[in-house]
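Q: Spelled out, the chains give:
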Amino acid sequence: MKPEICLSCEEVERYLGEEEERVHALRGVSLEIETGSVHAVVGPSGCGKSTLLYVLGLLDSPDGGRVAIESEPVLHLTDDELAQKRSKLIGFIFQFHFLMEDFTAEENVMIPMRKLGQLSDEQMRDRAAELLDAVGLGDKLRRQSRHLSGGEQQRVAIARALANDPRVILADEPTGNLDTANSERAFDLLQNLVHERGKALLLATHNPAIAEACDWIHEMKDGHIIDSQLRPTRG
Amino acid sequence: MTPSLYIALRFLTHRKRSLLLSLSGVVFGVAIFICTQAQTQGFSSYFINSTIGSNGALVVRSRFRPRYEPLMVSAKHSDGAVGRRLYFQGVSNPNEVMRVSRQFSNVVSCSPVLRGNVSARAAFETATVDLYGIDPALHAQSTDILHQLIAGKFDDFRNNTSSVMIGSRLAENLQAGIGDTVQLLAPNGEYWRFTIAAIARAGICSIDTTRVYAHARVAQALLQQPSGASMIIYKLRDPDRAPALAEHFETLFQHGATSWQDREESTLQLFLTLRMSVAITVSLIILLAGFGIFNVLTMSVLAKVKEIAILRSMGYRRMDISAIFLWQGALIAAAGSLFGCLLGALMTWGVSHIPIRLRGLLYTNYFLVTWDWRHYAFATLLAILAVFIASYVPARRAAELAPVVTIRGSR
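First to last, the protein sequences are chains A and B. Basically my numbering = 1-based index in the first sequence + 1049. Basically my numbering = 1-based index in the second sequence + 48.
Everything labelled a hint here was simulated from the structure, so no lab data went into it. Take these hints with a grain of salt, some might be off.
To be verified - Cross-link-like lysine-lysine pairs, in silico, BS3-like; alpha carbons within 27 Å at most:
1) B:K354 x B:K64
2) B:K201 x B:K283
3) A:K1134 x B:K354
4) B:K354 x A:K1189
5) B:K64 x A:K1189
6) A:K1137 x B:K354
Claimed, not checked - Which residues of chain A face chain B? A few of them, derived with a C-beta cut under 7 Å, are:
7) D1109
8) D1129
9) A1132
10) S1136
11) F1141
12) F1147
13) P1161
14) R1163
15) K1164
Predicted, not measured: the structure shown is a model, and the values here were computed from it. Even glycine gets a Cβ: it sits at the ideal position worked out from N, Cα and C.
Sequences and hints are given; from them, build the entire structure.
A: Below, the structure written as structure tokens:
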């Protein structure tokens, strides 16, 4: 049975900057991400990895091409409708975790749930506790995020990305700021989640070890995907 | 609680110094606005109450000759100027005018007054006085004279036709007290002797330094006037409607009629100018508070660009982001107005107990204040408006931030 495509793009073009500084960041990129798979995008800095993630995550609009979530084209949607899609279907993890520093770990994880508005306050607390426990922070629920270490903050960001049980997780160098042990721990967590709960993960990384552990590796250069490899472990 | 309100509350409570700064501006602005309005309106209301209480809300004076419209059409270039009225001194048939007047629902009571200027002498002091010949019973119904008495008894005056009531400042000037004799000079050069039965204080200098009340018939004989009344003064249920009634009475009775608003126009305009001036000055404080809030929220937006970007990536819409900052403004406005109103009431109460010896235009020993809910409503409205404008720009700016630019810039 062919796996379901949950996120795809076709011939995506994206220019960044204006006039003389204009850069052709994505040049006809096409990609399909199926449920239950982990995709790594690798390549040198400035090759367009992050731009691809933002376009696929509906944070940035491409200048050409098509983007579809669960086979539904999304580029014609309004800003509010795109926000709704992001809230329901996509979880973001950034290299610089961007936690709300005045909030506790628990409150940070509850922020996306508050927006979605499907759970009661108590249910949100329970789910936040469950997710933070899963990333090894069950004992630091009430700690303000500014008082957490870098690795702990990134784990809170991972828990937050999973808060609304998204179909797709997009991670832009999620382990870029972590030491080796924390990197492996964070990646293992995401990988398990994808395989066990049928999510899809697309991550941009410079870390060869993490890329090697993914189901797919897409190599980018100058705005193109020059090579896509299905890893033997998957096969 | 909406997510935006929740986040706004958290942002606010975690920036206590900024919150206190913003809040104190609104609190003091609202409080000072309320307090100054209470004072300026307090003096104004005191003057209005005193003048209506002493001189009536409406006065019908001399009869005028009816002016008939010409039957011929005026020349094309004529300016159509209205000719001046020809007045006859005194009220013609005052009893009939009063009988008809009483049919009007707005009229509570009315009283005829025969008025004239005479010279008064007591001991070795003399003064020019404004003699009011009154019917004591009717005058008591139509004015606040009973409440204005500070010495003597009204009944002593009513039961003794050779007695007078005089204004408090006049009594001081003549160095005369209750039971003393005052002499009024008749036009024929003869001095008439009266006993001072009561002393009244209207609170308005011009009345208290000149007013002498005598019985109408005695005043008529003293002044040697054929007319029974120079004017009729009215007490109205709704003094604010006096101008319309005055206009109606002029047409009906063919007598000049003046409302208290027209009579005291210059003084009222002075009070109004003062109130406006104070209101504008104090509004500047609230406006400055608004600038403070604008700065605090703008700094907050700049400090929170990363949080805004991440909120957008989590599905928060532009309007949710702007709502976070508008809520912060709304919470500051609500709390600031509430505490401002409480502080304003406290300040107004405090000011009303500050001793002040005013003996000029008005007579008072304390600051005069008015307790009016509209001051609180207007101050709150002003604060809400200022804070909304102050928070709108940062809120809009926050909503327009492109999350990708922030996230890229943080790399």
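Q: Hint by hint, which ones does this structure get wrong, listed from lowest number up?
A: none
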